[in-house]
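Listed here are the chains, written in short residue letters.
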Amino acid sequence: MSLPETPDQAQLRERYPHIFNRPMSARLATPVVLLLALAVFVFGLVDLDFSPSRILAGLSQLGWIARLMLPPDPGSSLPVYLKALGETLSIAVLGTTLAACAAFPVSLLAARNVIPSAIFRFPVRRLFDTIRGVDTLIWALVWINVVGLGPFAGVLAIAVSDFGALGKLFSEAMESADRKQVEGVRAAGGNALHEIRFGLLPQVLPVIAGQVLYFIESNTRSATIIGIVGAGGIGLQLAEQIRVLEWQKVSFLILMILVAVAAIDWISNRLRFAIIGRRAVA
Amino acid sequence: MAVAVSILPSQQLEALSDAYHRAVARRRLRLALSALVFLAVLLAAAVGAEVNLRTFFTYFGNFVSYFDRIFTLDDGHRVWTNVPEWFWGLKKWAKLLGETLLISYVGTLAGMLVAFCLNFLAAENTSPAPWVRFTVRRVLEFARTVPGIVFALIFVIAFGLGPVAGVLAIAVHSSGALGKLFSEVVENADMKPVEGVRATGASWLSCMRFAVLPQVIAGFSSYTLLRFEINVREASVMGFVGAGGIGQELVVAIRKFYYSDVSAILVMIVVTVFLIDIGTGWLRGRLFGAEAPT
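Residue numbers (this note's numbering), protein chains in the order written: chain V, 11 to 292; chain A, 135 to 428.
Hint data in this document are derived by calculation from the structure and do not stem from the laboratory.
Hints are not guaranteed to be accurate.
According to the in silico footprint, chain A covers these stretches of chain V (three or more CB under 8 Å from chain A) [said to hold, decoys possible]:
1) 46-52
2) 70-84
3) 124-137
4) 148-162
5) 210-217
6) 248-256
7) 263-272
Just so you know, even glycine gets a beta-carbon here, dropped at the ideal spot from N, CA and C.
Kindly generate the complete structure, drawing on both the sequences and the hints.
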């Protein structure tokens, strides 16, 4: 059986020159970029002291550690760990709430439709960016210097670093809000505060609530690690057990973190759905 | 001009407004109840986190003055009056910052490669068998949920101190995060090209290469660039646990109260993060700009 009609290559070439005769620069672009990326990658591997023998030794060590981790066993310190887990969850909830409360009024200043002039908007935006550029762990170290070791420093660290992230998200949510309600309130004789309260707030509140819930969820993860620098919670226990090589306890703690994160995920998903559902009905 | 608002008879009106008030009251009650529950949770959290407002207010001045101190040189002048003195360790810090960037680059790329290999197995529409999908998904979930710095702590013990542990930690965590995002992109891909390629008798691998990959590659590169941004931040703290990069220098400066060093290193990190954000944003724009016309 032969093909019904063999396409005439020459004719096709003539008809679609831009497909067959692409300029050299376009043809070379992809391989060159890939080669460059690969070159940097290889340079990185060499510069950062990767060597096959080191990787192999490390992997066998890792296998040995993994074998020591089984079965997970808290020993006699289960109550301590549960308390630490509670601390972690408290840090996440409290830190996010504080951040949201602080970020909301400031984000009004950064929203174009609330304050049209750029006098406030520009510096406030840069402030948010700067705060976000510094990792939560660094904020934790700074707060430890201020209020001492313990979970309170963790709460403040999460509050500060999320202040930057939430402020940016809130102001974006406000800018994407519908203008018509605000104009309606103004037409009815409302002042600027009325406009925000009755025109803007009802629109952005569900969005903001959803974002806060999402941040509580992701902060459960961040809160597990700020303990590593001494800011309380389960990370402190985890770092300690890793340093004294109690691998069974380490694996138990990791399991606890996994379960806690999954539980928080589930709860916040339900809550978010409830909030959005109510909004759709109203 | 007569006002033409028709008002219902009062009995009908009463019934309607009663129903309205009941509905509003129910909503308000629910709102009040949830606010109460939320307050209770907050109070419990405050007790759990050992919140002590007295320490907070006593020491809050310290927080403000901390920033005063980190912007003051040892000789009592502001840092920006004597920039060479402020950035006295510029060469060393720049080298460490370069190492940080290299750690995040190598880690992101390695994680991307792993995620790339695994995500076709994890996506619902391309996975060869349900049990493969289930296992790969659980593995990715594990890699995603355990924080990168915990992996770094363990890898530092297995591979020794230094950037190798940091790279591997970032690679493992990124492969988990990217694997999930990638598999979602693949799940959104159109399956008709796959059927077309399969109809020519191609294997599973060729189906992925010629039918799925061209659809998803833009999404993949966009997510990888985003991940690189996140990883730069993460690599800046990997040094806290001895896994290389500028974090080591920063933690020493903070713990030993070398105030002006703290601000200098922080300024360098923030500027680098800014530049990386702008750079990847530009790159994303270019990639999608090139993608759009075709």
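Here is what the structure says about each hint:
1. 46-52: This one holds; 3 residues, not fewer than the three required, reach chain A with a Cβ under 8 Å.
2. 70-84: Coverage by chain A holds here, the residue count being 3 at a Cβ distance below 8 Å.
3. 124-137: Three-residue rule not met by the stretch 124-137 of chain V, so violated; n is 0.
4. 148-162: With 11 residues closer than 8 Å to chain A, the stretch 148-162 of chain V meets the three-residue bar; holds.
5. 210-217: violated (count 0)
6. 248-256: holds (count 4)
7. 263-272: holds (count 5)
Of the numbered hints listed earlier, those contradicted by the structure are 3, 5.
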